[in-house]
Amino acid sequence: MTTSEPVVPSIRPPAWRRPPVVFSGLGLLTLILLVINVAVGSIPYSLAEIWHVLLNPREDSITNTIIWNIRIPRAIAAAFGGAYLAASGLLLQIYFRNPIVGPFILGISSGASLMVSIVMLTTVTVGWTLFTPFMSTLAAFVGAYGVMLIVLAIASRIQGGVTLLIVGLMMGYLCGAVTAILTALAEKDKIKGFVLWQLGSFSGFKWDEIWILLIFGGCILTLLYLQSKPLNAFLLGEEYAASMGVNIRHFRLLILLCACALAGMITSMAGPVAFIGMAVPHMARLSFGTSDNRILIPGACLMGALVTSLCDLIARTALAPVELPLSAITAFFGAPIVIALLLKRRVKL
Amino acid sequence: MNTATVQPILSARDLSVGYNKTPVLSGLDFDCEAGQFISLLGPNGAGKTTLLRTLSRHLAPLAGAITLHNKSLDTLPAMDLARTMAVVLTDKIVPPLFTVFEFVTLGRYPHTDYLGRLNSEDQKIVTQSLAAVHALDLAGRPFSDLSDGERQKVLVARALAQEPFLLLLDEPTIHLDLKHRVEVMAILRDLCRDKGITVIASLHDVDVAAKVSDQVALIKDGGLLDWGAPEAVLTPEAVSGLYDFSKAEFNRHLGGIELRGEGNRGRAFVVAGMGTGSLVYRMLAKKGFAIATGVVHTNDLDYYVAQSLGADCITTPPLEAINGTSTNLAATLMDSCDFVIDSGFAVSTGNQANMTLLHTALERGKTVFTLRGDVLESPAANSDNRFIRCTTTTQLIAALDAFPKRNAAHQVQEA
Chain A
1 MTTSEPVVPS IRPPAWRRPP VVFSGLGLLT LILLVINVAV GSIPYSLAEI
51 WHVLLNPRED SITNTIIWNI RIPRAIAAAF GGAYLAASGL LLQIYFRNPI
101 VGPFILGISS GASLMVSIVM LTTVTVGWTL FTPFMSTLAA FVGAYGVMLI
151 VLAIASRIQG GVTLLIVGLM MGYLCGAVTA ILTALAEKDK IKGFVLWQLG
201 SFSGFKWDEI WILLIFGGCI LTLLYLQSKP LNAFLLGEEY AASMGVNIRH
251 FRLLILLCAC ALAGMITSMA GPVAFIGMAV PHMARLSFGT SDNRILIPGA
301 CLMGALVTSL CDLIARTALA PVELPLSAIT AFFGAPIVIA LLLKRRVKL
Chain B
1001 MNTATVQPIL SARDLSVGYN KTPVLSGLDF DCEAGQFISL LGPNGAGKTT
1051 LLRTLSRHLA PLAGAITLHN KSLDTLPAMD LARTMAVVLT DKIVPPLFTV
1101 FEFVTLGRYP HTDYLGRLNS EDQKIVTQSL AAVHALDLAG RPFSDLSDGE
1151 RQKVLVARAL AQEPFLLLLD EPTIHLDLKH RVEVMAILRD LCRDKGITVI
1201 ASLHDVDVAA KVSDQVALIK DGGLLDWGAP EAVLTPEAVS GLYDFSKAEF
1251 NRHLGGIELR GEGNRGRAFV VAGMGTGSLV YRMLAKKGFA IATGVVHTND
1301 LDYYVAQSLG ADCITTPPLE AINGTSTNLA ATLMDSCDFV IDSGFAVSTG
1351 NQANMTLLHT ALERGKTVFT LRGDVLESPA ANSDNRFIRC TTTTQLIAAL
1401 DAFPKRNAAH QVQEA
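Which chain is which? The protein sequence lines are A and B, in order.
Going by the working numbering, the first sequence opens with residue 1, and the numbers climb by one from there.
Going by the working numbering, the second sequence opens with residue 1001, and the numbers climb by one from there.
Bound conformation, chain A alone (with noise of 0.2 angstroms):
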């Protein structure tokens, strides 16, 4: 080896492709989809008339329900629910090593179905009435983190992603199976209501179910970021992560939890939102032109929160009055971008 000081090519990637560049980007465009959503709907309301209410929150008035208690609460949770599930697949893709990776590859939006299902579809619910405004999103939650328990023990015990994966799936087809006896023996005018739900929306969110996405979620998000140092060493997979000194029983288990909780979490207040989960981690490491995780995760969820914002925004202008299912418009939306990336091969993660 040569004694001398080695020089070292510059690798600094193009202008347009540096984080702070594409951050401030993405940022930016996010901010206006807020706006837009909360001022665009079957009442229009001017910048003005926004900032007006935002400044008088206390007043009493139409306008003032319609954007505090309508407007905004969808705005924030169609950002944030996007958001979350950006990082639960980018995590989830990281740990499969598999680019076709969502958040619902191991059951968890089937887990939650077969307890909605359950609720909406049977009659064992009926008599329950403290709980019937919360009972699909209580039985979305119960479904959601039963499936994740089972995911999680089944893990501890088993090595290799694969194994997981085909436990996932086969998980997946046998609360699918249930959910599907059971439409078959329901009610028609039932079987609408439930399938709307199976394809997510993000309408009717209140304040309380807000805070509870901003604080549990920013808690998983920051431990999130704090681990993007071994996520890092995670991309060569698990024996090259265990010789760098990742503590792989445990990294493997928090990050199965972290990724499962974010999703489920979204499920039980949303339902099952297709796609953003797979799409919009690709979208971000093609942005940003890393897969450095210390970027990839803030900008997956800003990346997730601004797409996420636009498919909302489509769903509920498209064809105003009726609104179109969130699943429908994502879908519309990510399944071009996984099959042009995908035909492309340049990012195999």
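Hints were generated in silico from the structure; no laboratory data involved.
Mixed in with the good hints there might be a few duds.
[Said to hold, decoys possible] Listed next, the in silico DSS-like pairs over lysine-lysine satisfying Cα-Cα at most 30 angstroms (straight line):
#  : chain 1 : residue 1 : chain 2 : residue 2
1  : B       : 1195      : B       : 1211
2  : B       : 1220      : B       : 1092
3  : B       : 1247      : B       : 1220
4  : A       : 344       : B       : 1092
5  : B       : 1071      : A       : 229
6  : B       : 1071      : B       : 1179
7  : B       : 1287      : B       : 1247
8  : B       : 1021      : B       : 1092
9  : A       : 229       : B       : 1124
10 : A       : 229       : B       : 1287
11 : B       : 1179      : B       : 1124
12 : B       : 1211      : B       : 1247
13 : A       : 206       : A       : 192
14 : B       : 1092      : A       : 229
15 : B       : 1286      : B       : 1366
[What the hints assert, rightly or not] Stretch-level coverage of chain B by chain A, calculated; a stretch enters the list once three of its residues show a Cβ under 8 angstroms from a Cβ in chain A:
#  : segment
16 : 1088 to 1098
17 : 1244 to 1252
For each residue, glycine too, the CB sits at the ideal point set by N, CA and C.
Since the structure of chain A is already known, use the hints to place chain B on it.
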């Protein structure tokens, strides 16, 4: 081997390794000293990878103990282990959107802060690691665009960025072209010599292992067959036994494997010497001829090659002129052969008798193929085309391919 005065960097005592309580290898005892290149040799599936994965603590030992710097491996904190030992695995990993430099910085993991930020010292060590594997020019390239050979060098650089004392490599030269195979082995050897890093690598090339290693471990049949300097351990018998050869032989003087032929196309007698026979022997073995040769000195290259190819060889001691006794033996052996090849050896006083042998061959009615450029007087032979002149080995091959047609009758008589 336990009497070493040098402190071993890694020791195994009565070690058993395997999966799911089924031992693959057991009763392993060995010590690795600092700065040594240690090769693990053995057939596929013998347990080389299992042993490496146990030494890197990815698998728990089934029994016995491993100590690293006199500390027990299983209680060592993960970060301490990562600063002591680095690995290069066979898994084909292609993390997307990493430059080579960024990829190598991942190796700084056990040295950086909780967010993995690099200081100038880290940058310097990453640069030095790339320089040590001659890959500085790759620093700005995307990792996913590298060829197999370049990727392997960068994987070694990543391991070096951990600043380990011990480097474990699983088949570091598999899938590499010749240039990179040689380069990677040279890099690993330099790491031992210049940086005092202990390298433990599973290798599939015995000849490369023999030339590079300080110690070789022969692994087969659930245990360590032998451990020691390759010069002592790698006997032709040991290598043949290790890999269950029957049609080939490892020659430690030549440092390579010689492949024996089928020997079913008739038997050739090669009059050789001074290394001129080696290529002819190998060509004959490859083409399926049985080989007899003589008279060669026992310090001649031809002697070693002929031995490894299992040729019948009439010899004479070094520095002695070839005398009548050995030429008579050679002439008798020649009688049982289907044809004779003259390798075109230079004539001196020591091997004058081999020229006589060629003339004897012609007199006894043998067909003689010669690679000799200058004249060999034999008017009698020329009359019925029994003296065939070839200027290159290619011509000789063509002449031999044409020859068996005449020879068929001879074989029928024998039957």
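Quiz prompt | Hint numbers not upheld by this structure, sorted from lowest to highest | solution = 6, 10 and 17
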